[in-house]
Each structure stands twice: as C-alpha cells, then as structure tokens.
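Asks: Keeping their order, the protein sequence lines are chains Y and Z. Just so we're aligned, residue 4 is where the first sequence starts under the numbering used here, counting upward by one. Just so we're aligned, residue 2 is where the second sequence starts under the numbering used here, counting upward by one.
It is possible that part of the hints are untrue.
Over 10 Å on every C-beta distance to chain Z, these chain Y residues come out as not near it, computed from the model [claimed, not checked]: (1) G29; (2) A52; (3) E150; (4) V296.
Which stretches of chain Z does chain Y cover? Using the computed rule of at least three CB atoms under 8 Å from a CB of chain Y, they are [to be verified]: (5) 239–248; (6) 381–392.
If you're looking for bench data, these hints aren't it; they were derived computationally from the structure. Glycine included, C-beta positions come from ideal geometry on N, C-alpha and C.
Residue-level listing of the chains:
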Amino acid sequence: MTETPHGTVLSFPGTASRAAETDAEGRMPPPNWTEIIDSGYLRLFHPPASGGTGADGLTQLAAMEALARACAGSYWTATVSGLLCGKLISRYSRSSEHDRLLKPLISGEKLACFAIVEPPAGSDAGTYNTTVRPAGAPGEGFVISGEKAKITNAPDADLAVTLARRQKAPGDEGHDWCLAFVDLNQPGVRRYETPRMGLRGMPWGGIVFTEAVVSEADVVPVPFGELAGELAELMAWGWLLISVSAIAIAESALDASVRYAGERVSFGRPLGHMEGVQTQLAESRAQIDAARVLARKAVTELAAGRSAREAIAMLKIYATEMAVEVAARAVQIHGAAGVTRGHEVERLYRDAQMNVIGGFTSNRLRETVAESLGLGPAVYQPFDWVAPAGLGIDPAGFDGLTQSAGAVPA
Amino acid sequence: MVAPQELKPAAPGAGDPSSAAAARELAERVARPSAAERDRDHRWDPALFAELAGARPGPGLAGPLVPRALGGGGLSATQTCALLEGLGEGARDPGLALAVGVHAVLATVPLRAFGSPRQRERYLPLMASGDWIGAVSLRQTQGAALAPTVTARPGTPGLGGWVLTGDLDLVAGGPVAHHFLVVATHDGGGRTAFVLDRSTPGLLITESAPAAMRTCTWGRLVLDGCHVPDDAVLGTVGGAEAEVEPLMASLDWVFSSAPWLGVMRALVRDAVDGAAERQVFGRPLVHAQSVRFTLADLATRCELAAGLLYRAAGQFDSGGRPTRQDAATARLFVAAAARAVAEGAARLSGPAALTSDHLIARAHRDALFFAETGGGTEVLRPVIAASLLGLG
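If we strip away everything but chain Y, and leave its shape as in the complex, we get:
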C-alpha cells in the first residue's frame, strides 16, 4: 500500500519486478496471483454482502491503474475475472448461487473468463453459433456445444461466463439467448492457447464445448436486446478495464522516457535538454492526462450505477490509440535500447496494441459513439456506388480513348 494525496493506493512491487520475466515466459507466475489476492484487489469491486470491500469508484480506478502499471498482463487476468466476470455473475446469476459462483472469484480461489466472441467473427453477435440445449426432460439441466475464441483467461479459467443461443423446447416462449456459467473443469471442455504479440502474461485463447454440462441454475435467458442493453452496460466495465490498461501502459512508457531523458547523454547533454524530446514528453503528458480525466469521470458514473457507456466508448477509442502513440514515442526516445527485446518500452509497445483490439475494436466503438450522436445504427451495404458515378474506370489520355487501343494520337 502507498499513501498518496488521493488516499491509499495498492501497490504490487513483486508483480512489477517480475514483469519482464512474465512477458518472456508468456505466463503469469503464481506469486503474482498471490500478491493480487493478498492486496485485496479483487474485493474492491464488490459490496461487502458479496464478500467485497465496496471501494468507491476512484479508489477502484487507482488500484486498477496500479496493478496495470505493475504488469499489464496480470492486470487483465485479475480484472477480467474479479471485476468483469464478477459483475456479470452478480447481476445475472441467481443470488442463491452467489456463494458458489461469485465468492470464489472475489477471493481469488477461482478464475473466470468471459466467452463471447467466436472464431469466424468479432463483435457481430448474429454470427455466433454456440448453443445451449436441454440435456433431457425439464429440470435435468443443459448441455452446451460450440467454440468461443480470443478469450482472456480461457486456457486457465475455472468458469466461463458464456453468451450462447438457446435451443428452445416446443412451447418455450423465452428469450433466444442466454448467459451460461460453465464449469470448465469437465470432460466436454477443450481449451487452447493463442500466441499473441503482447500482454503475454495473460492467458488467452479459445474454448471448444462438446456437450459440456451446465446445471439448471446456471443458464440465464437474456433477450437479444440485452446485447445493446443492460449486458452492454456491464460490458462497458470491460471497456473501462481496457482503457485503464492503456492509460497505465502509457504512463509507464512516459515514466521510462522521462527517466531515460534525464540520464542518457547525447551531444554532451542529457536528452531532456533537447526540445524535440521535450515536445514528445509534453504531448504524451497532455494525452495521458486527458484520458485519465475522462476515465475518472466515467468510473465515478459507473460506480454510482449510472450509464457511462458513451463516455467509456470514447475513452476506450482514445486511450488505447493514445497508448500506442505514447509507447511508440517512448521507443523512439530510447533509441536502440527501445527496440531491444526484453526492454521495458519494447514490452509496453507490444502490450499497448493489444488494448486497441481487445473487447471491441476502436472502429466498432466509433460506430457506437456515432450512433449515440443520433446518427442511427451502423449502415452496412455492399460497396457498389463508385462505378455508377463514373469513377470506376481509368480515365482516357489527353487524346481520348483511342490511345488505350494503341492508336497513334492525331
């Protein structure tokens, strides 16, 4: 713990000291998980009734940033499980099941993942095929089949909060979709790891369900509208999580740049005396601050139970792309050191890119923001309007179309 003007902020010195090793190994070392549990990090996001400590929004944000600065991959793992999946379970599972499903996530005994995307498509839910169907007669539970991909924690998780279609028995007028809380430690589940450029400490990959068993209590029907409704509100926590990862990576990159600019002597003086370097530091400072101020506003709204979906969509676009830019500047300031495998800013540069893609890409979110401006939903049409406008063919030369046939101009 560290005392700051904003109160007590968690610190993760062990996790930070192992960040390079975690990246190189492509796995989160067990002591990181122990440090995260012992810090009380996972409890911050939930009320005491659920076994949490119910921290206020800004405390949550400060803790998230502290962990993400220590090790962005470890942060993703812990926060997707404890915060995002915890909130989904807390909202959608029956309260009678919270002791079984929620408490182990908050205590850190178990790890969860959020399985939504499928291999052929990204955020286009209409293409998802994973299906939950009754295992037998009513009351005898369900089985789930299908493949989910590109999932944080999938290779190691104990539980998957899974978005699936419902195969309905005749006469079932319920919703077409459901959230299924699937135990991953069973024969009908195969997991695989997907190699990735950054956030290498975070397990990431896919899950193949083959008639995996799901109990009656763990299937919660949701309307398709939920994908743009309350479920989407909860998913905004995921976007916030990623935005904080980006802000932390940018801050680490700037911190490293400032340190280096003070130490590294070039042309007889430290780099920091050069206005070109100063420019880069100043731009980065302003950009990170802009993102963090918006993040603070958003988390305050979310923690108060108000919608901040549009603000967080804007934040995720800006913060994640900003972090790529700031990390690129940091690499440039560090020169050859910055492109050396294993250097901190080299790692940050790779980590930064992951945030742009994860949990809805920037372009998908721009659609969300545009829609919130009153522009109506995204319009997808076959691209066929250039040729009819006379712009689909190359122009004639100065002497007309005869030129193209090889004729000699008059």
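Starting from the known structure of chain Y, arrange chain Z on it as the hints suggest.
Replies: Showing chain Z alone in chain Y's frame:
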C-alpha cells in the same frame, strides 16, 4: 539564414524545371503584388489573366495542353504540372492558380480528348490564346458522386438537339467564361457531356462569392430549358460515365493539386523566415529542436506530395491510360499535406502573420476549400479502396 533556393530541391520526376521556373518568375512579377488586394476585394483581373495567358515566348499559361497545331503550347502533362506548380509558388495565390488550371486543363482536355474535329478547331485555338475562357463546375469533377442537378431531354421533333434544364454552382471562371462543360442526366439513365456557349438562349449566369479561393471568379449557371444543337454533345451520347467523367475527375485530382505544390513550398519558406524572426524565451525560435523538426517534416511532406503528383501526371504522358487510383492517391495526399503545411506555417509564424495580407492566412482558408473539392476524402478514399479491393 538559409537561402531560399536551398530549400527547394527540384520536384522528383519533374520533367521540365525550366517551365516551372519561368511560370514562377512571371507570376511573381505580375500576380503576387496584387494577390492580397484581389483576395480582399474578391476581384478578378482580366488584364492579369491575359498577361499570364499571352506571355510569349514564355509559359503560355492558357494553353499548355493544346497541341501546337491548334496554337497551344503542346506541353506534356509533366511540364504542365510544373507550370502550375510554378504559378502557385510565384503568384502565392491559390484562387488565381485554380482559375488558370480549370481553364487550361479541366475545360481544355475533355475537348481535346473527346471533341469532334469541328469542336477542337472551334474552341481550342481561342482557348490557348486566352481569348476564350472555358469554365467547369467543381460539382462535376467527381463524376456523379454528387447528385446530378442538370437533366437533358431530346429536343422537339424536327428541331433535334437537346434541351437542358437545371442549375450548377461552383462554376470556376463562370462570370468570364465563353463556354461551359456541363454533364447532364437523361431521364432513362445515362449521362452526356455538353459544351455550351455563353450565348445559348435560356442560359443564365450569375456571380457567386465563396468565402475561399476569392481570387478565382465564381458563378452559378441556371439552365432554363436551354436548347442546344446535336453538335454541342461532347463525346458519345450517354457516354459521359466512360468518357468525360473519369477524365475530368483525374484531371482535377492531379492538375488542380499542382499549384498547391508551389503554394506549399512558399509556405515552408515563409515558415522558415517567420521562425527565424521570432523569439521565444529570448531565443530564436529556429534554435528550438521542435521547431526545426516541424520544418523538416513540412519540407518532407512537400517532397512526398510532389512525388505522388508527378507520378500521376506522368501517366498522362505515357501513351497508355492513366490510373484513377494514382490520381486519387495524389490528391488525397496533397490535400492533407496542404492543410498540414498551412497549419504548421501558421503555428511557426505567430498570430501577427494571420491576416489576409499574408499568404499563410489565405492559404489556410483556401486549403480547407481545396481539400473538399475533387470530391474530398469521402470520394477519394472509396475510389482508391474500390481499385484496391476490386469492388465499387
């Protein structure tokens, strides 16, 4: 202090540095001194245009692309591009340079490429001498990407010809033009290009005054059931989509960009001078690495823009068909570069330079306008993407 010449390496691919130099020298002498005043007053100076058009021996800015046999300069596309670049740099007047380019390229080349022998002989010699000015609406230089506003229906039986109805704004050169290139839509689909003389009954021309490019002269055409004869058709009836439209689009993308290369070079030079004169924290601005880097980046943009533009222009000299993708790419890049350079120059020159007496303020305003012509990014990007993807 860096000498101006050292800042101006020859454009890569520029075929004829001498035509650029001659145009620059002429424009600097006859157009630059009055540029700010003409801009302030929205004034078109016919004598100035005549001087630019009639310079002999010299660049002959009115008819570089008219064949020598028809009294023109018989220059190549590359040479013409250099000529317009020199005009932009010497005159420091984007509006005037646009007016010259619209006449000498956009209104001229479709007549040369698709005109009947009679049309070529009637129009091109007097266009080359500058006696007749040709005008085009910038609404019609990106095919039919913008909703067509002029329709053509067959003339009454016995009379033949066509009856054109509609209106067109953004006609560069409109108030002083002798004739206009107009594309009209047929009821049953298809579009045809026409050349309309100013004297056509039912054709009304009014002056307009866009906020930018004020030194060009602008008009609006109202076609109130204009009857034109069959020989007013330029190219094939219903053939504009394959003939005049793609040609006019690529011509605009390439040749209307050319003066901006010169304007950008002038802006970079102004930015260098401005930065050299200003002091911040008691130090010359040019001692600051960040300022030097900005200037280096602006100069780099100029070279990149020139490279793309001369690549696209050179394709008109190859004897084959130029590619729309390269023309659109050049315009997309030049328009963004013009804005970046204008903004960078404004930033380095300080608030005092932001009056319309200075090129920086005028170019900043005009660059925004320029970036939206030729269809702007919303036409250029789909055109490039359509080529890349094999869609569209």
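Asks: If a hint holds in the structure, say so; if it does not, say that too.
Replies: Cross-check of the supplied hints:
The beta carbon of G29/Y is kept farther than 10 Å from every beta carbon of chain Z, the shortest such distance being approximately 36 Å. With a cut of 10 Å on Cβ distances, A52/Y stays outside the contact zone with chain Z, its closest approach being about 53 Å. Distance to chain Z confirms E150/Y as a non-interface residue, since its nearest Cβ pair spans about 29 Å, more than 10 Å. Against the 10 Å criterion, V296/Y stays outside the reach of chain Z, whose nearest CB is about 25 Å from its own CB.
Requiring three or more residues with a Cβ within less than 8 Å of a Cβ of chain Y, the coverage given for the segment 239–248 of chain Z holds, as 7 such residues are present. With 6 residues having a beta carbon nearer than 8 Å to a beta carbon of chain Y, the segment 381–392 of chain Z meets the requirement of three or more and the stated coverage holds.
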